[in-house]
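With chain A held as given, fit chain B onto it using these hints.
Those sequence lines, one after another, are chains A and B. Residue 294 in this note's numbering sits at position 294 of the first sequence, and the numbers go up by one each step. Residue 323 in this note's numbering sits at position 323 of the second sequence, and the numbers go up by one each step.
Derived from the structure by calculation, the hints contain no laboratory data. Among the clues, some could well be false.
[What the hints assert, rightly or not] If you only want the chain B side, here are some residues facing chain A, beta carbon under 10 Å, derived:
#1 175
#2 271
#3 308
#4 313
#5 317
Please read all numbers here as calculations on a predicted model, not as lab measurements. Just so you know, even glycine gets a beta-carbon here, dropped at the ideal spot from N, CA and C.
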Amino acid sequence: MVLRDKLLLVLIFILLALALMTLFWSGFNQAIDREEIKLGLDLKGGAHLVYQADFDQAQIPADERDDALKGAIAVIENRVNAYGVNEPVIQKVGSDRILVQLPGIENIAEAKRLIGEVALIKFMEQVTDDNGNVTWKPATGTLTVKNEAGQEVPVERELTSQYFKGKVELDIPQGGPIIKFQWNDDGAKLSRQITTRLQGKPLGIFLGDQYISAPIVRSVITESGQIEGMELGEAKRLQKLLNAGRIDVPLHTIEEHDVSPILGSDFVDQSKKAGAVGLLAIVLFMILYYRLPGVMAGLALLIYAVLVLAAFKVWPVTLTLAGIAGFILSIGMAVDANVLIFERMREEIRMGRTIRAAMEAGFSRAWPAIRDSNLTTLITCGVLYWMGSSLGVPSVQGFALTLAIGIVISLFTAIVITRTFLRTIGGNPSLMGNQTLFLPRRKEQMTLSRGGAQR
Amino acid sequence: MIDFVSKRYWFFIASAAATVVGIIFMAVSGLPWGIDFTGGTNMTVEPVHAEFLKAKLDELNIPEATAQATAENTFLIQTRALTEEQQTVITQAFEALGLTLTFNNAAESTEITARTKPPITRSELKAKLDELDHAEATIQEAEGNSFIVRIKEIKEGERSTIETTLGATGTIVSSLDSVSDPIAKEKARNAVIAVAVASVGMLIYIWWAFRKVPKPLRYGVCAVVAMLHDVFLCLAFFTIFAGPLNIEINLMFVTGILTVVGYSVNDTVVVFDRIRENLTKASRNMRFEDVVNNSLTETLTRCIITVLTTLIATATVYLFVGEAIRSFLMVLLVGIALGAYSSIFIASMLLVVWEIRGSRGKLSKGTT
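Same shape as in the complex, but just chain B:
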């Protein structure tokens, strides 16, 4: 049997230290809130690209158009032969996007060479945003010459103004996420409520499931404490590494946290279940600590394997799917590891400490 229990204070110290570091970081740099919780608008802006031109041509009802990038800042567009009128329409639309066009008309088809302006630089973008009265916007560089712009508030109808202004520099707004202030506050409140309700629900269930064991409430409480420990350290981890990992706390992140909540308690329950079983079989003179140690040793293999398989599953999704649910998956990876750690090294240890304080280390069955 591996003696976990005697080292319990080391585990408490480790978690306490991590918690303190976490608190310091959170106080200093603040949590990396996304717009889901702070309100505001995220825009992804990028230089004009071929698919966009194609979509534009479709919009203008130009039949059988194709567009492809041929050289830096140059596109080749091919369509069926165009009328004067169509040419004017295209010229107008494309010049608004900062493109210069050269038409090459043949009998059956037309080729258009379109030259764009060079991709916008960060400082140019900043200048444009200042012009648009959004000096407070933050700009973050993303892949492929694109930027993620975060603005506090966009009024209804302002989007087209922004698009036109940026369009003239050859930059398009490829996606826009906007959350208004009141709904953001509501989401924040609901997320907290969700964690609270989940915690209470689980506490009650565990209390009921362990009703035949002495002092069943403790199991529920220790499980929930371990779970909150995991949630907090998850938040702390991502506050510290928010920058390099490019993570922000949005709804995906919170979904991840809630999954970690379920997972952590799931793990703890399995360990507690083993403790319960060993308790009912234990002889009167066994110390609580020994029962716990046995149970932990017995369940150790299973804990490791389960964490491994779930990590394999999560890692595979991360490798293949990537971007959009990245924050969710990263939370899972960190949270699952924490969940396993806390079930063994925190939740069970808390049980022991509680028991020792309560009945001085001897098993008391049935009373109190």
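Extracted from the complex, chain A is given alone in its bound form:
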């Protein structure tokens, strides 16, 4: 066995070991931060919603739309996280749509209400209770309001961003970023009362119920104010959130799908069985039909399956039903590469070459067909991936991705692993001399001239 082959065998062994560790050893998984294969919505069950942002109704000018959408997404993310959803998917689709996937949410109506709301920015102050515990409570002031009888009565109102006027701006001078906002009349009144009271103390800024920051009040804020003392990244984020928290971009539901979780888990189990059975059936077939090379190919295919699943975990691929189908299809294509090589090998043996020479010829002759056919399928994967992402259909994306990964790895498996295995046995004269290990004996011996076969 040549040194190159030995090295390749070592490489294959290492890859296999890594892959098995990724799949089965949780310690390793924690080290590389990949706990489980991520499951898509159709496997876990949950809600799939697509929202259309109605910019026209909110009268948002063209150059601010992207920010508005991103802001809305940030708000939804905060809300969804507060609700405790495990691994939600919230992403921008196109220029004016948002895709929201909430795995495990059975009460879609509740989820929709949650998302549809645009949170307010609340201002809070700290209070110390009798035991010395410090908590936040909404900062309030007093406004004069007309009641039903037409009298003016004082009422207590919380200070929130509903009293902001116009847009929040971000200045970035020498000393550090400053967020500037303006109060409307009511806001100005409340703000004066509150900031007078809180001079030198922190004023908590909350998005809904979630804490954002608590800058110290430096001066009495009446008509406009500014928030400083933050670093640039934080300030930008806060500006987006403030503007997002205020801009009322109506979101219309244009698509919704309920996926029942109960059904979902069944499918995972059954897909695993399907994969195992399918793989074994194919391996069996290969051994029966191609004999010794078939055994090599069978082994290579099993390694292939392990490598691909590990790749899914590491990438990480979000596995959907379609993704599983893509994986199983790629097994079929991996087999195809082997079939091309072995058919070629048989031809070469029948033409009179030694087995060893036939092996090499098989690989080199089959390679253009393998390369071209797999590349054309990869093109389809690319198109499918694009279609999936532009339409906001994660399943189709998942399918394209798993198929593409499967094809790339199958190219590797067929060309490197199968070939190395065969070369390894190529050094063994007793195996090489025995043709029946490679193909059934034929009654007639055929003579072939180049370019045509007479049978």
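Only chain B this time, still in chain A's reference frame:
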């Protein structure tokens, strides 16, 4: 060598006949579009079942509740001992679902016998839908007393009205898929674009890959024509058998079609690759047809085996996984078979016909 080429007109006739039949069916019954492309709402409604009751109890914060079906239209629910308040809450919630409850309180636990109304019938469902102002809805029976209802348009907020009305008859909406009109049109457009882009991409790639062979563009064109043939016949097949197979054209179906596209061209490329190789080795006096026949004979085994193994893989998934990706898998099964057929009997034959017309059957290397 098997002489495929001389029989080429039979293959053309077969495909043409299938195409004509397909067109007729499509024109008469229309393609079985799903809501992904027409817009609308699909609801699955079914009679109340135990898991649903359990979920409801969880929602109401009733601890340690279990529910199971004991007899037809009867459920047994067991919980820890319930307070008056909890009992009222449960009664309210469950009566809205058309259930009559009998409480059996013990010291540590409570047993509730819940009787439901008999499962809703199709005509009752239709009547309810008419009431809700959705006379245009189509109802399809599915397994286990459930129905799939297709409605043109549900306004925001209408879902809860529907749920309440149906709830009173003991029917729950177990799943809902809704696609609005504009997004449906967009999906349709994008699907067509996807096929077009994939076709062009592959055409260009094959043109480049076969650049050293005379007239490389032909290979790309014939491959794409064969692929479109497969796509069309796939659509035709499922238009004809849409009813009995319960298939509709949704995104899963289109994903299947796109896979068939890739697969068909994949197959054709392998065959063409062999033709290319034999062409470069062929002597000047060989006829193009003979080269093609040899190539087809040589690749026949591989084609059959590959189709077989991929069919095994697809069939296994179909047997085990079933329902949700059924339409996808069926498209694959039909499409893969078509792909193999078209690579040998259509694409290669087209090449031959083109070549014969072009250079009267003699191999001309390097020129034109």
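Name the hints, by number, that the structure is in violation of. Going through the list in order, the structure violates no hint and respects every one.
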